[in-house]
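Participant: Here the protein sequences line up with chains Z and R, keeping their order.
Residue numbering for the first sequence follows the numbering used here, beginning at 1 and increasing consecutively.
Residue numbering for the second sequence follows the numbering used here, beginning at 1001 and increasing consecutively.
Accuracy of the hints is not assured; some may be wrong.
[As the list claims (entries may be wrong)] Sample of chain R residues lacking proximity to chain Z, with all beta carbon distances greater than 12 Å (derived): (1) 1023; (2) 1046; (3) 1232; (4) 1341; (5) 1353; (6) 1370; (7) 1397; (8) 1407; (9) 1420.
[What the hints assert, rightly or not] To give a feel for the contact side, a few chain Z residues facing chain R, derived at Cβ under 10 Å: (10) 127; (11) 129; (12) 147; (13) 242; (14) 275.
Everything labelled a hint here was simulated from the structure, so no lab data went into it.
Using N, Cα and C, we set each Cβ at its ideal position, and we do this for glycine too.
Letter by letter, the chains look like this.
There are 2 protein chains.
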Amino acid sequence: MATLLAREDLHTSVSDPASASMNFLNEVSARFPDAVSLAAGRPHDGFHTTDDLDRYLRSYLTHLEGLGLDAEQRQRQLLQYGRTNGHLGALIARMLRLDEGIEVPERAVMVTTGAQEAMVIALRGLCAGPGDVVLAVEPCYVGFTGAARLLGIEVVPVPETADGLDPETVLAVARAVRAGGRRPRALYLVPNFANPSGVSMPVAARRRLLDVAAEADLLLLEDDPYGLFGLDDEPRPTLKALDTDQRVVYLGSFAKSCFPGARIGFLVADQVVMDGQGGRALLAEELSTVKSLLTVNTSPIAQALVGGFLVESGCSLRTAVTGKIRFYRRNLRTLLAALEHSFADEPRVRWNAPDGGFFAVVDVPLTADESLLEISGRDYGVLWTPMSFFHGGDGGRRALRLSCSALEPEQIEEGVRRLARLVRERAEPSDPGLAAAPADRGAPAATTVAG
Amino acid sequence: MATLLAREDLHTSVSDPASASMNFLNEVSARFPDAVSLAAGRPHDGFHTTDDLDRYLRSYLTHLEGLGLDAEQRQRQLLQYGRTNGHLGALIARMLRLDEGIEVPERAVMVTTGAQEAMVIALRGLCAGPGDVVLAVEPCYVGFTGAARLLGIEVVPVPETADGLDPETVLAVARAVRAGGRRPRALYLVPNFANPSGVSMPVAARRRLLDVAAEADLLLLEDDPYGLFGLDDEPRPTLKALDTDQRVVYLGSFAKSCFPGARIGFLVADQVVMDGQGGRALLAEELSTVKSLLTVNTSPIAQALVGGFLVESGCSLRTAVTGKIRFYRRNLRTLLAALEHSFADEPRVRWNAPDGGFFAVVDVPLTADESLLEISGRDYGVLWTPMSFFHGGDGGRRALRLSCSALEPEQIEEGVRRLARLVRERAEPSDPGLAAAPADRGAPAATTVAG
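Please work from the sequences and hints to get the whole structure.
Facilitator: Have a look at this one:
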């Protein structure tokens, strides 16, 4: 007799609401392939070709030869099982020093199968008991909240402001959690050009957040996939660069700086862990057990590709990705200019003006849900992401995220024109947004810039 | 103030006992680099070189061209984020049909970051509530028990016999679990040349186990990394090949057939899942959410390497790995002959005679623990794995696992000579093993062949 399973008997993460939403988005995208997708947050396709792969491999092999590895050792390093925490620690530590002013020892670095695995590993290692919870910025990257659900870890949201997380709110939430008998172990945030909101934290707030983390005995999980892509060259120190007391676990990705197909990310955890018998290791070393139980080790061949990319750039991504920085700057400026152009005479539409990154948030005078997205794809030829996907509760219902990373400038302009037509035609008088008094417009989903 | 963490505040999987044991083993191996390692279960190094990598990539790109993908689509498939369940489904389904007589649709295949991730995904998806437990053969591969601990899932051991798992014992254990108010969701086993024991299940027992699984409403998690490496060409049908009712989730690995450095494994799950609204998907499709939350998708470049290997062999691994099969057969025969030669006059030493694979188990008249391993490495120049590492309780204390996959035949012979010296010199009269009556010799840790 054929085996039939019921979905309700599978783990809750199988029907994870955020993932279900993302599946819906992918499905809509597949059904309307001619729609302009302001939903896709992936990097642009044009920067690498498969011909680069062999060159990166050879650059890395030459680098290993320079380190004194003989031919047999080089083969083994790429083709065999490898060190659990990977073999790019030294190159990544050097990159962090050059690009970010982050000083960490090589053994504080763990190479992961993308930043997603780094999140899972950090969450699993830090949250030990049923009372251990994690705080996270809201709206939040769905990969993080989903990873927590996968592990049965509760996420306590901390609302984001136009200037990112407010440290005092973080402190208040952490205290309330502790007063409720639970232990807040860490706070997840994206200080630079957040996904989905695009907002960034001012430097003073970053410093204060580090103090708050020490006061509340929290670690900070700093996710920084977009930090290189500011609209200007102003330095934006990462929390990790400001972190003199090892409060920050830094999560890095090569998906945007190099290419996603290698699936290489990393985790930096230089916190000292005491084992009770006088032994001291770094958190990244302690977490290697967790890593080994998830994926054994990250593909050393994939590591070698990124290793070659790093070697060729002298371990400075900022130098290596100047073309990409230029491209994404132009795209974000194009998006913001297109919004200005298309919605100049529409005061009910507001959006934020991120200083960099791939995303902006638009508040619209109508419910931006899945059914509107379907109409938008079918009848207006434009796709976007409902901000409600990034909220645990009811938030973001009248806001949408626009991505500008995967498109060419003229596609962005066309997409925004189509979006403007959707909003004009669909924001009907019966919609409560239309009736909103100006006061209502003072509380957009993200930060404010007049439309 | 520097952040100090206590190890006891980290998740229990960080100090996972099996992983701690494996770390000890690695550490001992590093300290005694000149010892012959009969502990290392990795594949032999000599079958591939890094020069193969570019050829595999090009073979796969040519294959994609044959499928009608233009240059841009081919670049995107390798370099971008990809489909969650991977892009090798069709090639792997074809391979399973040709090599194993397993008939499954392409969409029942999920490509994973090694078989380890496949275990995590299957465990996470199937065990939903606190009463959901998983059964596993004991002694058991530590990656499986560790993955369960990582997810907080209890593992109920089912003792292995000389002929692998006894289906009636499985039934009894499953019933006892259910009678205790818990739900046994699946049983993990390695039917062919198990790690660590080397034993295999007779075909009749495999058929009966499928019936038992239906009776007890269990899925079978069949892990098959060694199935290609039998000592002879006798067909050994996998459970999945015998499975007409979708009782089996099949876990596959390319680490031994291709190379570990790609970190490519897969999961086959063709069970129908009903969503309660009349929707039906296959379990592999349902589990894609879990996969996306762990690693987003498996590196498409790493997939392409294995894809090229498959394409070049016409999707028949059995054809592609004839050289490897010959090599591992010779090594296992060498190991068994060396045991026979070295322990012919030592009736207190017994071992099993696996029909294939990388491992054999030796029962010895002394406690084979970590301290003996250290002495063995330092004073006798030979390393092995204590069987106690693979038991949850007290089992395997006077037995050790020998691996023969990574070595050359003369190293295997030398390693066994050194082991014989250790056993002769260390099996002191004070050791209870020496005093054992012949009756005691009738119950070795694994199956029996007289020494």
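Participant: Decide, hint by hint, whether the structure agrees.
Facilitator: Verification of the hints:
Residue-level check failed: residue 1023/R sits 8 Å from the nearest beta carbon of chain Z, not beyond 12 Å. Residue-level check failed: residue 1046/R sits 9 Å from the nearest beta carbon of chain Z, not beyond 12 Å. The claim that residue 1232/R is not at the interface with chain Z holds, since no C-beta of that chain comes within 12 Å of its own (minimum 28 Å). Every CB of chain Z lies more than 12 Å from the CB of residue 1341/R, the least distance being 30 Å, so the non-interface label holds.
Here residue 1353/R stays apart from chain Z, with its beta-carbon at least about 27 Å from theirs, past the 12 Å limit. For residue 1370/R, the shortest C-beta to C-beta distance to chain Z comes to about 16 Å, beyond the 12 Å cut-off, and the non-interface label holds. Even its closest Cβ contact with chain Z, about 24 Å, leaves residue 1397/R beyond 12 Å, as expected for a residue assigned away from the interface. The claim that residue 1407/R lies off the interface holds: its Cβ sits roughly 14 Å from the closest Cβ of chain Z, which is beyond the 12 Å cut-off.
Non-interface call for residue 1420/R relative to chain Z: holds, since the shortest CB-CB distance, roughly 29 Å, exceeds 12 Å. Hint status for residue 127/Z: holds, given a least beta-carbon distance of 6 Å to chain R, under 10 Å. Among the interface hints, the one on residue 129/Z holds; its C-beta lies about 9 Å from the nearest C-beta in chain R, closer than the 10 Å criterion. Because the smallest distance between the Cβ of residue 147/Z and any Cβ of chain R comes to about 5 Å, under 10 Å, the interface hint for this residue holds.
About 14 Å separates the beta-carbon of residue 242/Z from the nearest beta-carbon of chain R, more than 10 Å, and the hint is not met. With a cut of 10 Å, the hint placing residue 275/Z at the interface with chain R holds, because the nearest CB-to-CB distance is about 4 Å.
Hint violations for this structure: numbers 1, 2 and 13, all remaining hints satisfied.
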